[in-house]
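Going by full-length UniProt numbering, the letters in the sequence shown line up with residues 1 to 100, in that order.
Among these hints, one or two may not hold up.
[What the hints assert, rightly or not] Below, simulated DSS-like cross-link-like pairs (lysine-lysine); rule was C-alpha separation at most 27 Å, straight line:
id: 1; residue 1: Lys15; residue 2: Lys35
id: 2; residue 1: Lys35; residue 2: Lys95
id: 3; residue 1: Lys15; residue 2: Lys95
id: 4; residue 1: Lys95; residue 2: Lys49
id: 5; residue 1: Lys49; residue 2: Lys35
[To be verified] Pairwise CB distance ranges (calculated):
id: 6; residue 1: Glu73; residue 2: Glu43; range: 18 to 26 Å
id: 7; residue 1: Glu9; residue 2: Lys95; range: 18 to 26 Å
id: 8; residue 1: Lys49; residue 2: Val28; range: 32 to 40 Å
id: 9; residue 1: Lys49; residue 2: Asp94; range: 17 to 25 Å
id: 10; residue 1: Asn80; residue 2: Met52; range: 15 to 23 Å
id: 11; residue 1: Glu73; residue 2: Lys49; range: 34 to 42 Å
id: 12; residue 1: Ala25; residue 2: Met52; range: 20 to 28 Å
id: 13; residue 1: Glu98; residue 2: Ala25; range: 25 to 33 Å
FYI, nobody ran anything at the bench for these hints, they're computed from the structure.
Backbone N, C-alpha and C fix where the C-beta goes; we use that ideal spot for every residue, glycine too.
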Amino acid sequence: MQGHFSLLELPKDNKIGAIIEIVDALPVENRMLLKTVCQFLTEVAAHSKENMMNANNLSVVFGPNLTWPTDHEVPITQLNNLNNFCYRLIVDYDKVFERK
Numbered sequence: 001m002q003g004h005f006s007l008l009e010l011p012k013d014n015k016i017g018a019i020i021e022i023v024d025a026l027p028v029e030n031r032m033l034l035k036t037v038c039q040f041l042t043e044v045a046a047h048s049k050e051n052m053m054n055a056n057n058l059s060v061v062f063g064p065n066l067t068w069p070t071d072h073e074v075p076i077t078q079l080n081n082l083n084n085f086c087y088r089l090i091v092d093y094d095k096v097f098e099r100k
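Let the sequences and hints guide you as you build the complete structure.
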């Protein structure tokens, strides 16, 4: 994620647009890998009653690993942003990755 912004500060209608913009800016290989991982996480979240891994829990586990910036100097306070970004990738998978 380049630049520091907060999805929490964006109006609800603008969050998906901001996420799509970030995902579309990725190199094709990275975007396809992210899509595959998020598709899997969406499937896991769909079975959260059995596995206790809802989108929020998955974003806490995978968010920092999927979205850690290259500068490695991210303050701990930014972890919520990274997790929120990952959460939106999971719950809005169709809007982000399956749009025509």
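(message) I'd like to know which numbered hints this structure contradicts. Please list them from smallest to largest.
(response) 6, 12 and 13
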